[in-house]
Amino acid sequence: MAHSFTGKTAFVSGAASGIGRAIAEELGSRGMQVVVADIDLAGAEEVAAGIAGASAVKLDVREEASWVEALDLAEFRHGPLAVMICNAGVAGPTLPIAETSFEAWQWIRSINLDGAFLGLKHGARRILAAGSPGHIVATASMSVFFTPARMGTYTACKAGVVGICDAMRDELADRSIGVSVLMPGPVRTALLEVNAERAPSGVDIGPQGDGQTGALREGLDPAVVGRQVADALGTDRFWLFTHPELEHRIDTRFAAMKQAFHPD
Amino acid sequence: MGVHPFKDRTAFVTGGASGIGRAIAREFGSRGLQVVVADIDLAGAEAVAAEIPGASAVALDVRAEDNWAAALDLAEARHGPLAVLVSNAGVAGPTMPLVDTGLKAWEWTRSINLDGAFIGLTQGARRIIAAGRPGHIVATASMSVFEMQPRMGTYVACKAGVVALADALRHELGDHPIGVSVLLPGPVQTRLIEANAGRAPAGLGIGAKEAGQADRLRDGLDPAEVGRQVADALGTDRFWLFTHPELEHRIDTRTAELKRALHRG
Numbered sequence: 111m112a113h114s115f116t117g118k119t120a121f122v123s124g125a126a127s128g129i130g131r132a133i134a135e136e137l138g139s140r141g142m143q144v145v146v147a148d149i150d151l152a153g154a155e156e157v158a159a160g161i162a163g164a165s166a167v168k169l170d171v172r173e174e175a176s177w178v179e180a181l182d183l184a185e186f187r188h189g190p191l192a193v194m195i196c197n198a199g200v201a202g203p204t205l206p207i208a209e210t211s212f213e214a215w216q217w218i219r220s221i222n223l224d225g226a227f228l229g230l231k232h233g234a235r236r237i238l239a240a241g242s243p244g245h246i247v248a249t250a251s252m253s254v255f256f257t258p259a260r261m262g263t264y265t266a267c268k269a270g271v272v273g274i275c276d277a278m279r280d281e282l283a284d285r286s287i288g289v290s291v292l293m294p295g296p297v298r299t300a301l302l303e304v305n306a307e308r309a310p311s312g313v314d315i316g317p318q319g320d321g322q323t324g325a326l327r328e329g330l331d332p333a334v335v336g337r338q339v340a341d342a343l344g345t346d347r348f349w350l351f352t353h354p355e356l357e358h359r360i361d362t363r364f365a366a367m368k369q370a371f372h373p374d
Numbered sequence: 265m266g267v268h269p270f271k272d273r274t275a276f277v278t279g280g281a282s283g284i285g286r287a288i289a290r291e292f293g294s295r296g297l298q299v300v301v302a303d304i305d306l307a308g309a310e311a312v313a314a315e316i317p318g319a320s321a322v323a324l325d326v327r328a329e330d331n332w333a334a335a336l337d338l339a340e341a342r343h344g345p346l347a348v349l350v351s352n353a354g355v356a357g358p359t360m361p362l363v364d365t366g367l368k369a370w371e372w373t374r375s376i377n378l379d380g381a382f383i384g385l386t387q388g389a390r391r392i393i394a395a396g397r398p399g400h401i402v403a404t405a406s407m408s409v410f411e412m413q414p415r416m417g418t419y420v421a422c423k424a425g426v427v428a429l430a431d432a433l434r435h436e437l438g439d440h441p442i443g444v445s446v447l448l449p450g451p452v453q454t455r456l457i458e459a460n461a462g463r464a465p466a467g468l469g470i471g472a473k474e475a476g477q478a479d480r481l482r483d484g485l486d487p488a489e490v491g492r493q494v495a496d497a498l499g500t501d502r503f504w505l506f507t508h509p510e511l512e513h514r515i516d517t518r519t520a521e522l523k524r525a526l527h528r529g
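Residue numbers (my numbering), protein chains in the order written: chain H, 111 to 374; chain D, 265 to 529.
None of these hints come from the bench; they were simulated from the model. Cβ atoms here follow ideal geometry from the backbone N, Cα and C, with glycine treated the same way.
Every beta carbon over 12 Å from chain H, so not counted as near; a handful from chain D, in silico: (1) 271; (2) 305; (3) 320; (4) 483.
With a straight-line cut-off of 20 Å between C-alpha atoms, the simulated EDC-like cross-links for lysine to aspartate or glutamate are: (5) 168/H x 307/H; (6) 168/H x 156/H; (7) 368/D x 179/H; (8) 523/D x 346/H; (9) 368/H x 411/D; (10) 271/D x 315/D; (11) 271/D x 496/D; (12) 368/H x 496/D; (13) 368/D x 174/H; (14) 168/H x 155/H; (15) 368/D x 170/H; (16) 368/H x 516/D; (17) 368/H x 501/D; (18) 271/D x 340/D; (19) 523/D x 361/H; (20) 523/D x 411/D; (21) 368/D x 325/D; (22) 168/H x 150/H; (23) 368/D x 173/H; (24) 168/H x 179/H; (25) 271/D x 501/D; (26) 523/D x 512/D; (27) 368/H x 510/D; (28) 168/H x 185/H; (29) 368/H x 521/D; (30) 368/H x 357/H; (31) 523/D x 357/H; (32) 523/D x 355/H; (33) 168/H x 182/H; (34) 368/H x 512/D.
Bound conformation, chain H alone (with noise of 0.2 Å):
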């Protein structure tokens, strides 16, 4: 079966690795014309040259004017952009937030949120101006439902950027761009490995390397998520579960807040 953006320009951040690469992979084998972007150019490089018809640039989230600079070249390459994939992120600090300092607290905001904000709106407008069908999804957390131990900071920009999907979804509506926010259980990647060399020298991220890494390398295959955002594209399913097992975490929450209304 033809994919509905069969040819067209997709872009994924944070793709040198993890569940942006398997992304990419998957995009690319349904025939995309993926845009692999990524922090580590090198690594960028690598898994575009396992991809046909792909091509990499480096993108730093963090900054608006390498969004630009990135999509820029995306579509002078590829063509005018179908698909934008907001995936690139870090751990951050594996603290209590009562011990997390505020330049550990800027650091994961920087890129986990206020990066989506800026991939998000710029790959949304790069859309509209193509005027053709299109689709955007970020990557969340399934943690937004319960607060993990000592990932508040990572827990609160995640709740942030479904919050914005939330926001996009209802303001795209009428305007042929889909809207999607994955919101991954532990998957097999190195989000926790990565997230002590990715962090400014200085700035105390916490222990690295226990309980939570474990977690992730007995975590799901990526190459699973990515066929589910792949399926995901072009149609109107806005909340992409990866683990049907952790639905209790929202029947948890959801008891929580019902309780609250009706107490005793």
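We have chain H already, so just place chain D on it with the hints.
Okay, now just chain D, sitting in the frame of chain H:
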């Protein structure tokens, strides 16, 4: 009504010069807490503090970490160790679609509504832990996190982040006698929309004032009721503070949508 568990202890309320913050400050004062009315509008904070026995005012720009440290130092020097922190200061932010929202308008709102909450919750928690006595922390979020309001995407994204920060803090402080609550107001009679343009830096495009939203707030709940609700929650284990029972359907609708997505096909 018995003696308030935090009677005579120090409570710091941001955004205390108006709206929900002022109502919380007044209610705390009437329950015998020593209230610090913090606001970027010092004259406004002083006017509120003047009406509350034992209260004092302090200038606070919630975006600046050193400003928080100075304001909390002053509060504790005047009134004693911090027991209650209410992180309430916020702006409506740009009332426009996100695709039209400039980075500077995003940053303005995010630095006040989310960074400001981060600094306040973390510094407040550290002070209350250091005091070694029971305490309580409250953050003002919004009922809009469960149902998007048109042209309020920036605001809602920040408030969704505030909910998560409060959620993290309540888990982390589980071993301390410190309660955490998140306030989820529906429409409350405040000047959130009217005051918005006056607060924005000159030249920042924040969109047209939404007459509909201002009207909804004008017809909204009396802030005094929200103040009483927050004062009642201190010292309890109530995390979710919903002000509008009639908006329960938003949670039902959101959850039903999530469940449908989980069970698709």
